[in-house]
Amino acid sequence: MKKIKVEWCENWIKAQFKKLPFENGGIYTGLFWDKAEKSGLWVRGTYGSPMSEALEKLTKVETVHDSEGNFLYNVFKLV
Numbered sequence: 029m030k031k032i033k034v035e036w037c038e039n040w041i042k043a044q045f046k047k048l049p050f051e052n053g054g055i056y057t058g059l060f061w062d063k064a065e066k067s068g069l070w071v072r073g074t075y076g077s078p079m080s081e082a083l084e085k086l087t088k089v090e091t092v093h094d095s096e097g098n099f100l101y102n103v104f105k106l107v
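First residue of the sequence shown? That's 29 in my numbering, and the numbers climb one at a time after it.
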């Protein structure tokens with residue numbers, strides 16, 4: 029198994045945000061992890077991985093609520 033570098037993950041994350049159709053948008057966390065797994069840079073069920081380190085460095089988690097304040101979902105946003 030190849031050793032994944034944090035730098036690769038950082039570059040991949042930045043590329044994902046560049047693909048968004050609007051500035052300052054977020055990526056649904058579930059979709060993000062599905063895409064990261066398909067990229068080969070993250071393995072489901074792992075913690076403290078290079079992808080996790082890159083996410084911690086580049087993003088914040090934002091919770092989206094409906095108009096009544098009820099939880100809808102979480103997104104990653106670039107900081």
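Bear in mind the hints are in silico, worked out from the structure with no lab data behind them.
Certain hints may be false.
[Unchecked claim] Under the rule of at most 35 Å between Cα atoms (straight-line distance), these lysine-lysine pairs were calculated in the DSBU-like manner: (1) Lys88 x Lys33; (2) Lys85 x Lys42; (3) Lys105 x Lys30.
[Claimed, not checked] Pairwise CB distance ranges (calculated): (4) Lys31 x Leu86: 17 to 27 Å; (5) Asn39 x Gly97: 34 to 44 Å; (6) Ser67 x Gly97: 27 to 37 Å; (7) Ser95 x Gly58: 15 to 25 Å; (8) Lys33 x Glu96: 11 to 21 Å; (9) Gly58 x Leu86: 12 to 22 Å; (10) Ser77 x Asn102: 13 to 23 Å; (11) Lys42 x Tyr75: 35 to 45 Å; (12) Thr74 x Asp94: 13 to 23 Å; (13) Lys85 x Glu65: 18 to 28 Å; (14) Val34 x Asp94: 14 to 24 Å; (15) Gly68 x Gly97: 15 to 25 Å; (16) Lys46 x Gly68: 30 to 40 Å.
Computed from a predicted structure; not experimentally measured.
C-beta atoms are modelled at their ideal positions from N, C-alpha and C, and glycine is treated no differently.
Cβ distance range 34 to 44 Å for Asn39 and Gly97, holds or violated: holds (37 Å)
With the threshold set at 35 Å, check whether the alpha-carbon distance from Lys85 to Lys42 stays at or below it. holds (12 Å)
Please work out if Lys105 and Lys30 have their alpha carbons no farther apart than 35 Å. Within the cut-off at roughly 28 Å; holds.
The hint says 13 to 23 Å between Ser77 and Asn102; measuring C-beta to C-beta, is that right? Given range 13 to 23 Å: holds, Cβ gap about 19 Å.
Has the hinted range 17 to 27 Å been met by the Cβ atoms of Lys31 and Leu86? Between Lys31 and Leu86, where Cβ atoms are some 20 Å apart, the hint holds.
Taking 35 Å as the top limit, are the C-alpha atoms of Lys88 and Lys33 close enough? holds (20 Å)
Kindly confirm whether 27 to 37 Å is satisfied by the beta carbon distance between Ser67 and Gly97. holds (35 Å)
Is the gap between the beta carbons of Lys46 and Gly68 within 30 to 40 Å? The hinted range 30 to 40 Å is violated for Lys46 and Gly68, with Cβ atoms some 19 Å apart.
Could you check the hint for me, namely that Ser95 and Gly58 are 15 to 25 Å apart, CB to CB? holds (22 Å)
Does the Cβ distance between Val34 and Asp94 fall inside 14 to 24 Å? violated (36 Å)
Please check whether Gly68 and Gly97 have a Cβ separation lying inside 15 to 25 Å. violated (39 Å)
That 18 to 28 Å hint for Lys85 and Glu65 (C-beta), does it hold up? Given a distance of about 20 Å, which is inside 18 to 28 Å, the answer is holds.
Violation of the numbered hints given earlier is confined to hints 8, 11, 12, 14, 15, 16; the remaining hints are satisfied by the structure.
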